[in-house]
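Participant: At position 13 of the sequence shown (counting the first as 1) the number is 13 in the UniProt record's numbering, and the numbers step up by one without a gap.
No lab work stands behind these hints: they were computed from the structure.
Just so it is clear, the structure is predicted and the values come from calculations on it, not from any experiment.
Possibly wrong hints are sitting among the right ones.
What the hints assert, rightly or not - What follows is a list of derived Cβ distance ranges for each label pair: (1) Met127 with Leu184: 26 to 34 Å; (2) Arg190 with Ile244: 26 to 34 Å; (3) Gly270 with Gly164: 15 to 23 Å; (4) Met127 with Glu70: 32 to 40 Å; (5) Ala47 with Arg26: 26 to 34 Å; (6) Leu104 with Gly270: 34 to 42 Å; (7) Leu255 with Leu178: 34 to 42 Å; (8) Trp267 with Met127: 34 to 42 Å; (9) Arg26 with Ile73: 38 to 46 Å; (10) Leu81 with Arg272: 31 to 39 Å.
By construction, the Cβ of each residue, glycine as well, lies at the ideal position given by its N, Cα and C atoms.
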Amino acid sequence: MTTTTTIAAPIERDTTRRRRGGSLLRRFLMAVGLPVILLGIWWVASAGSESFFFPPLSEILATFPSTWFEGRITAEVLPSLYRLVAGYLIALVVGVAAGTAIGLSPRLRALTEPTLEFFRAIPPPVMIPIIMLFLGIFTSMKIFVIATGALWPILLNTIEGVRGIDDVLRDTSRVYRLRPVTRLRTLVLRGASPQIVTGARQALSIAIILMVISEMFAASNGLGFTIVQFQRSFAIPEMWTGIILLGLLGFLLSLIFRALERPVLAWYTGLRQSQRGGN
Numbered sequence: 001m002t003t004t005t006t007i008a009a010p011i012e013r014d015t016t017r018r019r020r021g022g023s024l025l026r027r028f029l030m031a032v033g034l035p036v037i038l039l040g041i042w043w044v045a046s047a048g049s050e051s052f053f054f055p056p057l058s059e060i061l062a063t064f065p066s067t068w069f070e071g072r073i074t075a076e077v078l079p080s081l082y083r084l085v086a087g088y089l090i091a092l093v094v095g096v097a098a099g100t101a102i103g104l105s106p107r108l109r110a111l112t113e114p115t116l117e118f119f120r121a122i123p124p125p126v127m128i129p130i131i132m133l134f135l136g137i138f139t140s141m142k143i144f145v146i147a148t149g150a151l152w153p154i155l156l157n158t159i160e161g162v163r164g165i166d167d168v169l170r171d172t173s174r175v176y177r178l179r180p181v182t183r184l185r186t187l188v189l190r191g192a193s194p195q196i197v198t199g200a201r202q203a204l205s206i207a208i209i210l211m212v213i214s215e216m217f218a219a220s221n222g223l224g225f226t227i228v229q230f231q232r233s234f235a236i237p238e239m240w241t242g243i244i245l246l247g248l249l250g251f252l253l254s255l256i257f258r259a260l261e262r263p264v265l266a267w268y269t270g271l272r273q274s275q276r277g278g279n
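The whole structure should be built from the sequences, with the hints applied where relevant.
Facilitator: Okay, structure coming up:
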């Protein structure tokens, strides 16, 4: 009996490793497969194209290194990333803090709900000319635009996440006389974290869009500014390389977000798996 168990244990571990390896490979192929297929279609469809505005993909890719790897990464891409990260982090901190306070207070929620609904209905790009009147065309304006646009998904999802916490858990925390800081950390923020993460994921895509739009309006550097300059000077292959770089940047930021999301929602993922196993 002991010998059989001793032999079976390494076999089970090896089987588990193979399953995990196969699962990771499957996820990688699923993530990369569609972009590769789309690029292949684009390559074949554009081969031999003589259109000035739609050059072959081979020409665009050949132009990519000389366009971006000769100084433009530090001069154009890094300033855009700085504005994006600064605006997004401001929106994240303000949205979670304000959303938690509003979600915990019915009076505050009733007081602020009409105002929040009013400002949420205004498209953020419409506010750029108005914001420019007060903040000019400096970096602070672009960060403010990104922060205000990315704020709403985080704020509203945080409010709903805090409101949705089970009343039984709230009463239990009061019975055990948990300190307010402990209750906030272990019950409120953790209980609302699935919806907070959902809002943060939505806000990331909005922040990327607003980063480009704000740089297209008024800027002296950045990805949006460079793409517009290429378009105005009829450097069409270079313009397409900027669009491709923007897509790669969004994909990379999405991967980083997923890597940070896993430890934050590890408890939630484990709970869902246990519930499925129990059913």
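Participant: Does each hint hold? Answer for all of them.
Facilitator: Do the hints match the structure? See the list:
As the Cβ distance of Met127 to Leu184 is approximately 32 Å, the hint placing it in 26 to 34 Å holds. Look at Arg190 against Ile244: about 39 Å separates their beta carbons, and that is not inside 26 to 34 Å. Under the hint 15 to 23 Å, the C-beta atoms of Gly270 and Gly164, about 20 Å apart, fit the expected range. For Met127 paired with Glu70, a C-beta distance near 36 Å keeps the hint of 32 to 40 Å intact.
For Ala47 and Arg26, the Cβ-Cβ distance of about 31 Å falls inside the hinted range of 26 to 34 Å, so the restraint holds. Checked against the given bound of 34 to 42 Å, the beta carbons of Leu104 and Gly270, roughly 26 Å apart, lie outside it. The hint said 34 to 42 Å for the Cβ distance between Leu255 and Leu178, and at roughly 36 Å that hint holds. Separation of Trp267 from Met127 is about 38 Å and conforms to the stated range, judged on CB atoms against 34 to 42 Å.
Checking the proposed 38 to 46 Å range against Arg26 and Ile73 shows it is violated: the Cβ atoms sit about 33 Å from each other. Roughly 34 Å separates the CB atoms of Leu81 and Arg272, a value that falls within the hinted 31 to 39 Å.
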